[in-house]
Amino acid sequence: MDKQERKMKPVWIVDDDPSIRFVLEKALARESLPTRSFTHPREVLSALEDKADAPRVLVSDIRMPGGSGLDLLGEVKQRLPGLPVIIMTAFSDLDSAVSAFQGGAFDYLPKPFDVTRAVELIQRAVSESQREDAAAEPSGAAPEMLGQAPAMQDVFRAIGRLSQSTATVLITGESGTGKELVARALHKHSPRAGGPFVAINTAAIPKDLLESELFGHERGAFTGAQAQRRGRFEQADGGTLFLDEIGDMPLDLQTRLLRVLSDGQFYRVGGHGAVKTSTRVIAATHQHLEQRVAEGSFREDLFHRLNVIRLRLPPLRERREDIAALTRRFLVHGARQLGVEPKRISRPALERLQGFSFPGNVRQLENICHWLTVMAAGQVIEPKDLPPDVLAGTPDADVPPGVAVLPVVASSVPAWTGEPLPAIAAGDSADWALALEAEAHRLLAAGAADVWSQIVQRAEAGLIRAALRATHGRRIDAAQRLGIGRNTLTRKIQELGLGDL
Numbered sequence: 018m019d020k021q022e023r024k025m026k027p028v029w030i031v032d033d034d035p036s037i038r039f040v041l042e043k044a045l046a047r048e049s050l051p052t053r054s055f056t057h058p059r060e061v062l063s064a065l066e067d068k069a070d071a072p073r074v075l076v077s078d079i080r081m082p083g084g085s086g087l088d089l090l091g092e093v094k095q096r097l098p099g100l101p102v103i104i105m106t107a108f109s110d111l112d113s114a115v116s117a118f119q120g121g122a123f124d125y126l127p128k129p130f131d132v133t134r135a136v137e138l139i140q141r142a143v144s145e146s147q148r149e150d151a152a153a154e155p156s157g158a159a160p161e162m163l164g165q166a167p168a169m170q171d172v173f174r175a176i177g178r179l180s181q182s183t184a185t186v187l188i189t190g191e192s193g194t195g196k197e198l199v200a201r202a203l204h205k206h207s208p209r210a211g212g213p214f215v216a217i218n219t220a221a222i223p224k225d226l227l228e229s230e231l232f233g234h235e236r237g238a239f240t241g242a243q244a245q246r247r248g249r250f251e252q253a254d255g256g257t258l259f260l261d262e263i264g265d266m267p268l269d270l271q272t273r274l275l276r277v278l279s280d281g282q283f284y285r286v287g288g289h290g291a292v293k294t295s296t297r298v299i300a301a302t303h304q305h306l307e308q309r310v311a312e313g314s315f316r317e318d319l320f321h322r323l324n325v326i327r328l329r330l331p332p333l334r335e336r337r338e339d340i341a342a343l344t345r346r347f348l349v350h351g352a353r354q355l356g357v358e359p360k361r362i363s364r365p366a367l368e369r370l371q372g373f374s375f376p377g378n379v380r381q382l383e384n385i386c387h388w389l390t391v392m393a394a395g396q397v398i399e400p401k402d403l404p405p406d407v408l409a410g411t412p413d414a415d416v417p418p419g420v421a422v423l424p425v426v427a428s429s430v431p432a433w434t435g436e437p438l439p440a441i442a443a444g445d446s447a448d449w450a451l452a453l454e455a456e457a458h459r460l461l462a463a464g465a466a467d468v469w470s471q472i473v474q475r476a477e478a479g480l481i482r483a484a485l486r487a488t489h490g491r492r493i494d495a496a497q498r499l500g501i502g503r504n505t506l507t508r509k510i511q512e513l514g515l516g517d518l
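Quick note, this note's numbering runs 17 ahead of the 1-based positions in the sequence shown.
Derived from the structure by calculation, the hints contain no laboratory data. Built from N, CA and C at the ideal position, the CB exists for glycine as well. Please note that a few of the clues may not be correct.
Stated by the list, open to error - Label-pair distances were calculated between CB atoms; the ranges are:
id, residue 1, residue 2, range
1, E42, S314, 41 to 47 Å
2, R327, I222, 22 to 28 Å
3, A341, P98, 28 to 34 Å
To be verified - Mimicking BS3-like on lysine-lysine, the simulated pairs with C-alpha atoms at most 27 Å apart in a straight line are:
id, residue 1, residue 2
4, K224, K509
5, K293, K360
6, K43, K128
7, K224, K128
8, K224, K293
9, K128, K293
10, K128, K94
11, K128, K509
12, K293, K205
From just these sequences and the hints, can you work out the full model?
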């Protein structure tokens, strides 16, 4: 099986109800996710005999005439420990589902389920599976970083200087700047390169499960803990543990993390014996940790323990000279994934891209290149082929019909009434910042209360309107463009009274 085939592994669906299988097959097909369906658990176990034909994600009902989804989960986890398994269950089975979740399932999906929610959950599991595949590859297979800009050359020099060190590193930078890629490079070029590299996003795991995820648990530590489980610190022993979004870690876990960094040992959840570990920690955040410390939401002693060496990754707008090389690489990468001929980008289209602010940074550029690989009509990408948000966000761009612009707010706003912020020229970040400051000054001078809340809500409403119009009302696409989850977008729409969108 070649690299392309590995990336196109199907999602396996196990359910004796043909209507459930049909709905999921069609919904996942619309998202270009291949599927394979089964009616009985024994069919799945038989298919798993051929490990070359393993799934990307397994979605299984919990109760079927041919066997139990929980039993299937146990069998699958023995054969493929890293495979994400989603358990579908009726509401009356939620206790069993929670036990399955704690015992190794990726998540559970209550029936009857919202199809959009189901697809979003499966896509998240697919992303986790792809991350596990990348982590399992030899460190030499890590993708090469590109960067001719002075700011990136500084990063490369820092990685070189750290190549003989195992010091704790704190990587800061906006979302999408490539913090995990730098963490992998630090590991690859360190004395611990022969050990494991384990990554965990502390913001993506529920608080109740994060402690067990980091430190592991003993059998019987809580309901559903049917076996001892090694946490990420144990998995990374002798290597590197990458803690992404460290600024979102709950305070009580910050205390436990500080003890591990200080003493080199910890206790599993429900355990009484100390577990020693030799793990290098690399942490990353897009937040301003000094401000979090001042607010009391991040421990000052932990901040100093993590902040031994700090690397700041520049946003893409500070390294525009790298956009051309990155664009060409992502176009080749996207074409390889789809099995098509790579597209070329014309000079005018590239100049338009180089004029875009890229709020989502390198990750956003990669997504745009994948979008162009699918959506651009010809082999040569012209400016008219670029996504609407790029055309609307570059200087002198003609905004296509249906793309949102920010209208003028009413002259007196003692409290937020659903109005957007004042009109700003597209792409002019300096004017945008001045207008925002002027609006805040006006509200404060008028004696308005909750000015912070008002402006944040109005900005969020404007972002959501723009994203939904740019994606023609597709909430999944809008959430992806904004860099938030679908559930977050839905909740914000409800909170802001934007239900008509």
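query = Within 27 Å, alpha carbon to alpha carbon, are K43 and K128?
reply = The given pair, whose Cα atoms are some 18 Å apart, holds under the 27 Å limit.
query = Is the straight-line distance between the alpha-carbon of K128 and that of K509 27 Å or less?
reply = holds (24 Å)
key: Proposed proximity, K128 with K224 (alpha carbon, max 27 Å)   = holds (24 Å)
key: 27 Å Cα cutoff - pair K128, K94   = Between K128 and K94 the Cα gap is close to 23 Å, so the pair holds against 27 Å.
message = Check whether the Cα positions of K224 and K293 lie no farther apart than 27 Å.
response = holds (24 Å)
key: Outcome for the supplied range 22 to 28 Å, where the beta carbon pair is R327 and I222   = At roughly 25 Å between Cβ atoms, I222 and R327 fall inside 22 to 28 Å, so the hint holds.
task = Mind checking the hinted window 41 to 47 Å against the Cβ distance between E42 and S314?
result = holds (44 Å)
query = Does the Cβ pair A341, P98 satisfy 28 to 34 Å?
reply = Violated: the Cβ-Cβ distance is about 42 Å, outside 28 to 34 Å.
task = Compare the distance between the alpha carbons of K293 and K360 with 27 Å, and conclude whether the hinted pair is satisfied.
result = Since the Cα atoms of K293 and K360 sit roughly 51 Å apart, the hinted pair is violated (cutoff 27 Å).
Given hint K509 paired with K224 - CA-CA distance at most 27 Å = Holds, at roughly 21 Å.
ask   = Does the alpha-carbon distance linking K293 and K205 stay inside the 27 Å limit?
value = Between K293 and K205 the Cα gap is close to 23 Å, so the pair holds against 27 Å.
Given hint K293 paired with K128 - CA-CA distance at most 27 Å = Outside the cut-off at roughly 43 Å; violated.
Checked against the numbered hints above, the structure breaks hints 3, 5 and 9 and satisfies the rest.
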